[in-house]
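Undergrad: Chain by chain, the residues run as shown.
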Amino acid sequence: MNAGSDSEESGYLYDPDVQLMLRAKQGDDDAFSKLVVNYQDRLTTIFYHMTQNQEAAEDLAQDVFMRIYRARHGYQPNAKFSTWLFRIANNLAINAHRNKKRRKEIALPTGESTSVNSVRAEEQALAEKSALMPQRQLDKHELQLVVQRAMDQLSERQRLTVLLHKFEGMSYAEIGETMELTVPAVKSLLSRARDGLRASLEPYMQLGKESR
Amino acid sequence: MEKTVRLTADQREDLVAYLDGELPDDKAHQIDEIIARSEVARHEVEALARTFELLDILPAMRAADDFASKTLTNLKVMEQPFSLTDQWWFRYFKRALKIGVWIISLVLCGWLGFQTTRNWIPDHNADVLRDLPVIENLDRYEEIGDINLLKEMKRNGLFDDAQEK
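Protein sequences appear in the order of chains A and B.
According to my numbering, the stretch in the first sequence is residues 1 to 212, in order.
According to my numbering, the stretch in the second sequence is residues 1 to 165, in order.
There is no bait here: all hints are sound.
From chain A, some residues computed to sit far from chain B (all C-beta separations above 10 angstroms):
(1) Leu-13
(2) Ile-88
(3) Ile-94
Partner residues aside, some chain A positions facing chain B, computed with beta carbon under 8 angstroms:
(4) Ala-61
(5) Tyr-69
(6) Gln-148
Pair ranges (Cβ atoms, derived):
(7) Ser-155(A) with Ala-96(B): 49 to 59 angstroms
(8) Asp-59(A) with Phe-82(B): 17 to 27 angstroms
(9) Tyr-14(A) with Phe-93(B): 45 to 55 angstroms
(10) Arg-98(A) with Leu-106(B): 54 to 64 angstroms
(11) Lys-140(A) with Lys-76(B): 34 to 44 angstroms
(12) Pro-59(B) with Ser-155(A): 19 to 29 angstroms
(13) Glu-55(A) with Phe-93(B): 29 to 39 angstroms
(14) Leu-84(B) with Tyr-75(A): 30 to 40 angstroms
(15) Gly-11(A) with Lys-27(B): 20 to 30 angstroms
(16) Gln-153(A) with Arg-42(B): 23 to 33 angstroms
(17) Asn-95(A) with Phe-82(B): 21 to 31 angstroms
(18) Val-77(B) with Met-205(A): 44 to 54 angstroms
(19) Ala-96(B) with Arg-70(A): 28 to 38 angstroms
Note that these hints are calculated values from the structure, not bench results.
In this text, all values refer to a predicted model and were calculated from it rather than measured experimentally.
All C-beta atoms in this analysis are idealised placements derived from N, C-alpha and C, irrespective of residue type, glycine included.
With these hints in hand, go ahead and build the complete structure from the sequences.
TA: Dropping the structure here:
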């Protein structure tokens, strides 16, 4: 992280995770280990919904911690720790997506992982079942697949914006800082994302209410 | 605003921000008024809110139980300076090198020993070959009986002729 003003820095010192990171900077590995425990599930969740693959999600989460650990000596607390962490996660997700796209262009169509294929197969089966019985009650797992499929239809940035907002409870300003976007850009991304989701999920809204 | 008028893109963006509590008070107040007057806007807000509620069904994931310990171990490994002796293959390389050195040393010792000792053992065949011309004519030399005369004859090349014949 780059240097910011002193007043800004002192404000972020109240963040307990910033305190842990400062201790890690001084060589306290226990503090870093606490940070890993604090964020491992949150990062895995975000990456899982980006990749639909638990293993890939954990690999990416581990990459985030590795980058943070490597950068600890130069750490300056000029943002909330989570903002910094999710900014790294954002960059990694973009790189992973770019690499995946490149591999897809080069590789044979069998490139996707088995778990992704199985999710796709389940989605296909669900789509067929739903087409046969549009009014039937969806169970929770089926509804999850429908929502996940709707999320997949969003662009990478829209999806990450939604995930940060929904799962991390980030404000527009925090999302902007994390994804290096302006607040109006975040607002526009979220609006388009929610429109897209609405278009995909509208037929299931009533069913969703009943399922939950 | 009329009840059925469609919302503009800006107004729709504002509706989302309104639901997220991200609009400043004055704009939020405007949206309140729009919602109060427009059925379309009300419907939009409800649909958007329900869409976002549906996302609650997405599962929150848990990292594997050994995630933290595995990550910290990897970090420790990553931090260690590169050391040749710590490489997994180095043990095998060291053993192969030791065996190689032993083999080369043994071969060298054998060769040196051979070279050193080959001159210590007298070669009788070489002596016989060297003295063959004398041995072949030994009877004649014995008949002459005088060594000085033999030397004189050799000097004059008489034996050469005899050997040629």
